[in-house]
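S.K.: Same order as they appear, the protein sequences are chains S and X. Take the first sequence: its position 57, counting from 1, is numbered 57 in our numbering, and each next residue is one higher. Take the second sequence: its position 105, counting from 1, is numbered 105 in our numbering, and each next residue is one higher.
Simulated from the structure, these hints should not be mistaken for lab results. Check the hints yourself; a few may be wrong.
[Stated by the list, open to error] In silico SDA-like cross-links for lysine to any residue, where the CA-CA straight-line distance does not exceed 25 Å:
id, chain 1, residue 1, chain 2, residue 2
1, X, LYS11, S, LEU23
2, X, LYS380, S, GLN13
3, X, LYS182, X, LYS387
4, S, LYS139, X, LYS153
5, S, LYS143, S, GLN13
6, X, LYS153, X, ILE235
7, S, LYS138, X, ASN26
8, X, LYS387, S, PRO82
[To be verified] Here are some, though not all, of the chain S residues that point toward chain X, as calculated from beta-carbon distances under 10 Å:
id, residue
9, ILE3
10, SER24
11, GLU25
12, LEU28
13, ASN30
14, ASP35
15, ASN40
16, ASP81
17, PRO82
18, GLU86
19, LEU131
20, ASP135
21, LYS138
22, LYS139
23, LEU147
The C-beta atom is built at its ideal place from N, Cα and C for all residues, glycine as well.
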Amino acid sequence: MNILEIPVIGKHQSETEKIYTLLSEQPLRNFEGLDFGLLNLDEDLSVYFYFLNQENENYLYLWDIIIPHAVGCILIFDWGDPQSIERNLKTIEYLENNFSTPVHICTIPSESDLPESFIKEELERIGERRLYTFDPTKKESAKNILLQVIDI
Amino acid sequence: MVEGLVITKEKSLFEEFNINFSSERNNFEYADSVDSAREIIGLEIPDFLVIIEKGAKKTHDLLTDLFENNEINKIPVLCYISSDEWSQRDILWKINVNDIIQLPISKEELHFQLERFISDISEITFDQTEAGMHGKLEDYNLLDLIQTLEANKKTGILALYRYREEGKIWFHKGNIQDAKYKTFKPLIAILKLVSWMDGDFSITFVDEEYAKIIEEDNKQILLDAIQYIDQRHKILDSLPDRNETLLISPEADMDRMDDKAFTYLRFFHGGNTISAYLESFDQDDLTLLGEIRKFVDEKLLMTRQEFDSHKTEQELQAEGAGIKKAFKRFFTRKDNVDGDAEKKKSAQKAKDLDEDEILNETGLKKFDILFEKESLDLKKFKDKIEKL
Chain S
1 MNILEIPVIG KHQSETEKIY TLLSEQPLRN FEGLDFGLLN LDEDLSVYFY
51 FLNQENENYL YLWDIIIPHA VGCILIFDWG DPQSIERNLK TIEYLENNFS
101 TPVHICTIPS ESDLPESFIK EELERIGERR LYTFDPTKKE SAKNILLQVI
151 DI
Chain X
1 MVEGLVITKE KSLFEEFNIN FSSERNNFEY ADSVDSAREI IGLEIPDFLV
51 IIEKGAKKTH DLLTDLFENN EINKIPVLCY ISSDEWSQRD ILWKINVNDI
101 IQLPISKEEL HFQLERFISD ISEITFDQTE AGMHGKLEDY NLLDLIQTLE
151 ANKKTGILAL YRYREEGKIW FHKGNIQDAK YKTFKPLIAI LKLVSWMDGD
201 FSITFVDEEY AKIIEEDNKQ ILLDAIQYID QRHKILDSLP DRNETLLISP
251 EADMDRMDDK AFTYLRFFHG GNTISAYLES FDQDDLTLLG EIRKFVDEKL
301 LMTRQEFDSH KTEQELQAEG AGIKKAFKRF FTRKDNVDGD AEKKKSAQKA
351 KDLDEDEILN ETGLKKFDIL FEKESLDLKK FKDKIEKL
């Protein structure tokens, strides 16, 4: 069995899980408080999604276990939630300073008047950051992000 | 409750309108085009239309497009046009709009105009009907109302309102002729409406003979309804609260399920409530609740709390190996990770404990118990994902 692991980080559980529920019919799983999902591609290939919550610092040590082994790390960046922006920027910094795993920043577009261009500039400051738009209503969008994550 | 449908291309205008003027008595829906307006009207006919389309000609075209359908023609219309177009307003009066208001307008004045308009249309509606009565379902439920109309041999329409939903039952000389609620069949519509314990009702007595669509007589319908309520209560009492989010068990094998069960269970993918479930399928509640009951009995559906504390069979088996072992080991020292100093201390402790921890050339921590990406053929993954 070949298992590919992808941590999905975000402020809200519903947002991080969305990318998975769009792709897999399998229910969410839980192991002692850690939510994860299994996408079976065939008998031999599976993708594990780990949903990591930024809010719960007690689980940060899990990041140390999971992230170094992941093919890429997905961060859900919601423009519609101004309070999460600073937190997300800190998370990106933490990920970049502590791990060599590529960080894929998936932004959920919003209609609000946030200084999107400013933050985008901030996010693109370092050349290695990968930035996508994630439409939580479309399976195709989740699929494209997954393809980008494994395209290394 | 008065329901208005606001048609405008600019959603912000509707939002402003909605924030300022919706109340316990008024409620507004939004449509950005003629097509979406038709769709909304198809589901439920609003009490009035508000068109915010600045240009008189554009408003005229929009209305004539909508007015092809005669039913729409009966809905009172309120138009807003800009002062530049004010002189053109005659074309709107000619197609019988009920009122035209000039923009820009102050919020207070708009409020006043809107109140006046709503009270005017209430009078029109009142004039059109011969006589009627209205009240709250908390005081008279549907069963009481059916019996009252039957005893008095009344002919007319009984309408029930709850939140933003509406159901109707047609009577002729006290006999139930037909019923409509969403897309349900008439008898199922009545059974669904019977379970409404709150909301409003109105009865309009109209001297018109309605076709008998429902075969059963009142006695049979009432009997079915009473049994139905009884059964429904029994099942609901044995299930988790209908507004609690339920999740699919990690052990549910969706691939081996038959299509029907799959469709019902799939509704709870990512979490959903029994209330939402009952509103989403075209079957009667008993059939739907029966399915849920099976899922709950077989532990295929569970509450978030149950879900979080659930250990799957597979996980129990895998406890000694791989990633599960890693999780378990790290969870046992989760109390030590508060603050940086504590974290370092616990990392050091972990290092001492974990013989199998190795350091790679970048100095990053690495645990050999996790799956290594180097050994994976990503091309194979890519091919499979592309076919999803």
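S.K.: Verify the proposed pairing of LYS138(S) with ASN26(X), using a straight-line Cα cut of 25 Å.
M.R.: 35 Å, violated
S.K.: If you take the shortest Cβ to Cβ gap from GLU86(S) to chain X, is it below 10 Å?
M.R.: 20 Å, violated
S.K.: Do the numbers back the hint for LYS138(S), that is, is its least Cβ distance to chain X under 10 Å?
M.R.: 13 Å, violated
S.K.: For the restraint on LEU147(S), tell me whether the closest CB of chain X is nearer than 10 Å.
M.R.: 6 Å, holds
S.K.: Would the pair LYS387(X) and PRO82(S) pass a check requiring their Cα atoms to be no farther apart than 25 Å?
M.R.: Distance ~36 Å between LYS387(X) and PRO82(S) Cα, so the pair is violated.
S.K.: Under the criterion of a CB-CB separation shorter than 10 Å, is GLU25(S) in contact with chain X as hinted?
M.R.: 5 Å, holds
S.K.: For the hint on ILE3(S), does the least C-beta distance to chain X fall short of 10 Å?
M.R.: 5 Å, holds
S.K.: Could you check if SER24(S) really has its C-beta closer than 10 Å to a C-beta on chain X?
M.R.: For SER24(S), the interface hint holds, since the closest Cβ of chain X sits about 9 Å away, which is under 10 Å.
S.K.: Does GLN13(S) sit within 25 Å of LYS143(S), going by the straight-line distance between their CA atoms?
M.R.: 19 Å, holds
S.K.: Would you settle whether the hint for LYS139(S) is holds or violated, based on the nearest Cβ-Cβ distance to chain X being less than 10 Å?
M.R.: 8 Å, holds
S.K.: If you take the shortest Cβ to Cβ gap from ASP35(S) to chain X, is it below 10 Å?
M.R.: Since the shortest Cβ distance to chain X is 8 Å, the answer is holds.
S.K.: Going straight from one Cα to the other, do LYS139(S) and LYS153(X) come out at no more than 25 Å?
M.R.: With Cα atoms ~56 Å apart, LYS139(S) and LYS153(X) exceed 25 Å; violated.
Hint compliance for this structure: hints 1, 2, 3, 4, 6, 7, 8, 16, 17, 18, 19, 20 and 21 are not met, and every other hint is.
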